[in-house]
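Participant: All chains should be built: construct the whole structure from the sequences, respecting the hints.
Take a look at the letters that make up each chain.
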Amino acid sequence: MTAEAAPPGPGIPAKYSDAHSGDDTSPGGGLGGIDHGKSRARALKNSIATVLIWGAFFIALIPLVWILWTVLSKGLQPVLHVNWWEKDQSGAGAPAFDHNLRGARHAIVGTLLMGLATAVIAVPIAVLTAIYLVEYGSSPFARIVSFMVDIMSGIPSIVAALFVYAVWVTTFHWTLLPIASSLALTMLMIPVVTRSTEEMLKLVPNELREASYALGVPKWKTILRIVLPSCLSGVITGGLLGLARVMGETAPLLLLASYTQYLNQNLFHGSMAALPTMINDQALNINVHIAEQRVWGAACTLILLVLGINLLGRLIGHFTKVKR
Amino acid sequence: MKNSRIAAASIAAAAAFGLAACGSASNDSSGNSASSNSSSSSAAGASAGSSASSGSSAGGSATCFSGSLKSSGSTAQQNAINQAIAAYTQQCKGAKTSYTGSGSGQGITDFIGKQTDWAGSDSALDPAKGEPDKAKASCGSQAIDLPMVVGPIAVIYNLKGVGKLILTPQLTAKIFSGKITEWNNAEIAKANPGVKLPSQKISVFFRSEASGTSDNFSNFLNQTDKTDWPDQHSKQWTGKVGQGKKGSAGVGQAVSSTPGAIGYDEWSYAITNKLNMAEMDSGSGPVALTAESAGQAIAAAKVVGTGKDVSLAINYNTKAKGAYPIVLATYEIACLKYSNPTTAKNVKAFLTYLASDGFQGTLTQVGSAPLPKSIQQKVQESIAAIS
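Chains D and X, in that order, give the protein sequences. Taking our numbering, I'd label the letters of the first sequence as residues 1 to 324. Taking our numbering, I'd label the letters of the second sequence as residues 325 to 711.
Just so you know, these hints were derived from the structure itself, not from any lab. It is possible that some hints are incorrect.
To be verified - Derived pair list, reagent style SDA-like, types lysine to any residue, alpha-carbon separation capped at 20 Å:
| # | chain 1 | residue 1 | chain 2 | residue 2 |
| --- | --- | --- | --- | --- |
| 1 | X | K503 | X | K564 |
| 2 | X | K438 | D | T170 |
| 3 | X | K569 | D | A251 |
Unchecked claim - One-sided and incomplete, this derived list gives chain D residues near chain X with beta-carbon spacing under 7 Å:
| # | residue |
| --- | --- |
| 4 | G91 |
| 5 | T175 |
| 6 | L176 |
| 7 | S258 |
| 8 | G270 |
On a predicted model such as this, the values are computed, not experimentally measured, just so you know. Ideal Cβ placement from N, Cα and C applies to all residues, glycine included.
Facilitator: Here it is, written out as structure tokens:
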């Protein structure tokens, strides 16, 4: 759409020219417009369409701005506290009898650690799958794998969590550990990263591969030294975007990660808090002021974290871009 | 060039790790406080109900442990337990106890499934469902019910301009079973002379998940009025009218935000949500819910547990003057013998604190009532036997 609208249409205010495709008709109308009445009707239609499209745009914007405004106006105050980032909730009593905000470090660290563990497991699997599908995939097996990735990306997050719960608790009778949540999140992250990596690999021009083969470089070395480096930025961006998506995921945590108010940095011991579970825990008492502050603070922190990781992904993508 | 790219990626990863790694400040163990406070240890259980400081406001001295404990269950005792954890960690910095309010049913499931170290439940393990046997299999020893907190159940309502509402058990049963649907019903008006009741629909709220509060409340309805509430007591609410809400806090919130609403909730949540509580008239005059009136009812409770088990039977039909009849005893359910000695020591230390005078004395502040002395002593004896 942006490509179509790039040259500013004649007779249209320049500030509108790149915002919508609705004005594509009017340049044509303006050029071929000999009949004055007709062109006026067209101009009228054009302005109606413009108004409608801008209206739709603003309506779509309302919830977004509203959410951001609510979260920021209610959550920024606790987030700006130093304690928020340095302390956990240990020592917190029942919400109605506790007047101390305390911090969210336990949840922030928990979210980051679980997310990181998820990425460590999911990204290699996903990238290798994508390489297989793009570089080697022409066999029926590859088609099955591709189909399975599609199915996996359709798995609702709660079902992934149920699966882990069934294996971990029902079958093996183990005590749930923080890493169990990471395993469930892994199942959600793999298809996302696989698909994005696949797209990136497909973007690498075949000529590069052929040139490499022509020099006598074996296929594995071509993939490792030519194909991957030239799309590395895209792969990293895809991985970080997948991570950002998974970190805000709540359903698996509700089932698999019990909330605790203490900082725990061991993925293989005890229970670990995360921002979504902290929100869930505190939201029960949301009509108590202190709990309300914690809820919005945690929501704001989560948004900031996800935003930060998204930005990081874009930045890495920007700076590691291969210049052609 | 390739190296610089990998470096960029690894810096990102390292930054994320770094944030996690430098947060170990609150992780230190507190061996010193454990040794300094061990004077009133578990051995004192049998006779020393009152030996553990009676006058202190911070909740008495406790035997400390360091490490983590995990528990879940009843939301009725969640406020009390949270307060206990807060007071306990003030004395014992290394003790990390967490309690998830997921409902009594889930608490028992978690405990039997070995997900938690002990369970909080508003009802004792139910032999009809084979719960004691399952818990026994999971513990490798008997699992014991220890009443710990008396949680009166408040009948909460939201009626503009009606600050005082008197209900009888029969009226309560009729409202919750849907036989009375309007606030200006003649029977309600008869029990409340001089009160102007609005012509408004009654919206009933109940607990959506398996809950000990539902169990005790339905038991009360069934025992006091079999014709209007024929269903046996059940953790899962069996009423046919109204809406379910999750957790004690959920019910409290729903009632506070819905005009014309009525519900049952643990006392502390009624206080938290600043809700009106109905007075209960069981035949000897209306009784408001206070720590004393609830204590009177629980004092009449009989211990029916055998051995170290202290499960109680509450008489909801009490006609005693000044006794508020709807009370529940919320239990901690623990193994008598733990396979892991450290867990046993930790659970014992924390439960000992819960049963101590120091903590029981603070319970009225959070909208719960302390155990009667005789029962408290039995509980302390049982805790002393945990190993």
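Participant: Indicate, hint by hint, whether the structure satisfies it.
Facilitator: Results for each hint:
1. K503(X) / K564(X): Distance ~10 Å between K503(X) and K564(X) Cα, so the pair holds.
2. K438(X) / T170(D): Within the cut-off at roughly 11 Å; holds.
3. K569(X) / A251(D): holds (19 Å)
4. G91: At 5 Å from the nearest chain X Cβ, G91(D) passes the 7 Å test, so the hint holds.
5. T175: holds (6 Å)
6. L176: holds (6 Å)
7. S258: Hint holds; S258(D) Cβ to chain X Cβ min 5 Å, cut 7 Å.
8. G270: holds (5 Å)
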